[in-house]
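Undergrad: Given next are the chains, with one letter for each unit.
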Amino acid sequence: MSLFDHKLADIQGQLNKKEITVTDLVRESYKRIAEVDDKVQAFVTLDEERALLQAEELQSKLSSDSKGMLFGMPIGVKDNIVTKGLRTTAASKILGNFDPIYNATVVDKLQAADAITIGKLNMDEFAMGSSTENSHWAKTKNPWNLETVPGGSSGGSAAAVAAGEVPFSLGSDTGGSIRQPASFCGVVGLKPTYGRVSRFGLIAFASSLDQIGPITRNVEDNAYLLEAIAGLDPNDSTSANVNVPNYRAALTGDIKGLKVAVPKEYLGEGVSEEVRASVRKALDVLEGLGAEVDEVSLPHSKYGVATYYLLSSSEASANLARFDGIRYGYRAENAENLIDLYKKTRSEGFGDEVKRRIMLGTYALSSGYYDAYYKKAQKVRTLIKQDFDQIFEKYDVVVGPTTPTPSFKIGEKIDDPLTMYANDILTIPVNLAGVPGISVPAGFSSQGLPLGLQIIGKHFDESTVYRVAHAYEQATDHHKQKPGL
Amino acid sequence: MINSIVSVRTIAEVTDTMTKITTDEVKHVAHLARLAITEQEAEQFAEQLGSIITFAEQLNELDTDHVEPTTHVLEMKNIMREDKSTGGLPREEVLKNAPDHQDGQVKVPTILE
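Chains V and E, in that order, are what the protein sequence lines are.
The numbering used here puts the first residue of the first sequence at 1, with every later residue one more than the last.
The numbering used here puts the first residue of the second sequence at 1, with every later residue one more than the last.
Fair warning: there could be bad hints in the mix.
Straight-line C-alpha distance at most 30 angstroms; calculated DSSO-like pairs for lysine-lysine [to be verified]:
| id | chain 1 | residue 1 | chain 2 | residue 2 |
| --- | --- | --- | --- | --- |
| 1 | E | K96 | V | K344 |
| 2 | E | K77 | V | K385 |
| 3 | E | K96 | V | K84 |
| 4 | V | K281 | E | K27 |
| 5 | E | K96 | V | K379 |
| 6 | V | K394 | E | K77 |
| 7 | V | K344 | E | K27 |
| 8 | E | K20 | V | K413 |
| 9 | E | K20 | V | K344 |
To give an idea of the chain V side of the interface with chain E (calculated C-beta under 7 angstroms), a few residues [to be verified]:
| id | residue |
| --- | --- |
| 10 | Y194 |
| 11 | A306 |
| 12 | Y342 |
| 13 | R346 |
| 14 | T362 |
| 15 | V380 |
| 16 | S463 |
Label pairs and their computed distance ranges (CB to CB) [stated by the list, open to error]:
| id | chain 1 | residue 1 | chain 2 | residue 2 | range |
| --- | --- | --- | --- | --- | --- |
| 17 | V | G288 | E | M18 | 47 to 53 angstroms |
| 18 | E | P69 | V | E412 | 16 to 22 angstroms |
| 19 | E | T38 | V | S367 | 23 to 29 angstroms |
| 20 | V | A249 | E | K84 | 34 to 40 angstroms |
| 21 | E | K84 | V | D284 | 23 to 29 angstroms |
| 22 | E | E39 | V | A372 | 24 to 30 angstroms |
| 23 | E | P69 | V | K17 | 37 to 43 angstroms |
Since the hints were derived computationally from the structure, they do not count as laboratory data.
Glycine included, C-beta positions come from ideal geometry on N, C-alpha and C.
Please model the entire structure based on the sequences and the hints provided.
TA: Given below as structure tokens:
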């Protein structure tokens, strides 16, 4: 039995009744990390001394009226979100010793909400990947089966929550990087609406797609965490000036009459039979709760992967130009001149997948190819977005699987980029359209690997997404299962 | 018939009709991207980029002549802050992460011969 088996509201109840202390919670995290992280390898950097100090400070505030909404909660932060004074590497050699001098806005918000950062979580280098095999540090394992991947790129964030090392984590999602690992690890992961959460201090991969979001064991905790980190930020001009509601208030359990669209493309060929069966069961549950379920079509979603790789790689090639070995990060030795220094630094500092995407993006943006690839992809993005706009004129949510298959073996797909990219086929269109999407546990494969249900909502309507996710969760017991590590 | 969205082909399957990217093109792109690559890497990138680009060319199935490109999903423009100066980051802090510095400035190799 772990303290983290309870939801946030109950843990805070225990704190208030003085049955436990904030220090107990922080120690619980580090104890579990000491027990299992040799195997799972979710964390790349720990911050134990400071976390324990902060726990004592918070404990002395226990009877104060000004407690934050995440009071005393241990949280893990993906390693592409900068944390002042705590090494932040984006799992890359090129930032191997990077010591940030400011906090990302979400980290400031976590602190303002009285959460405690336990450490930094492993990921695919610069968030490029779907398996966390592209990390400079280690390959994170799936707590449900240590021979399989946790998904990616937020593999550390999902695995740490699934393994009970922390009850909460932050990930980032550019094409599925929160939802796909949440699905593979049997936890709850939300990609908010583009602009819902500030990106200030998130090491940029593809700026028009990136969003930070919460990963938790249950939907209610997820709603708390989003409420704490969401909102307008003067430091991010793409953060939206839209009121942040009380998401917990949406968790009524009532979805009677709610209109659910199921895209036929999401249950087509290439989606495994087990995955389809779990989604059909979930739809029965939603219908049983009074929702109206219809089949619809998102005709352009099959072009999502191609569109995504052109756009995200193009944006990445520009964003990653800043890593040049001059002002911070790794610098190669024995360079003959400045250009040589840039080239050696970047070639030695970046891993293979990052180089491949920089090359693809540079090619797509280069003279003579810009219209054929980059601009074409931007136009197809419009068509993909319009597909969603049309569905959302009539429906409240779109529901389907999060991934075509459950987790796969480490090493199985790493040599074939296109096969790896296909993993994100059901999550990518959501980023391209900028709408919010969540993955919630939806059962297990015959191999005992978690499956996920994806619920997609309208722009800035995370409340309805949470309402459906919560109603489904409360009607099932998938989220109560824990890996036998 | 349902046109499945899972239509990603493996490298082997697309090789036949592949868009050829030459190693010279790869070297040019690598130079633009400020990446040093070996001859062997150039060949590998040529094959991989060729297959990814071939895969991406499926977008040509769509007529997009009258479609506006999307650069940003939300309708916002010209987000301005107040025209007021604010403090910068402290120099010692900023230099902490510089690989090499001297007299309060970042040090780089010779730029002019």
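Undergrad: Under the constraints set out in the numbered hints, which ones does this structure not fulfil?
TA: Violated: hints 4, 5, 16, 18, 21, 23.
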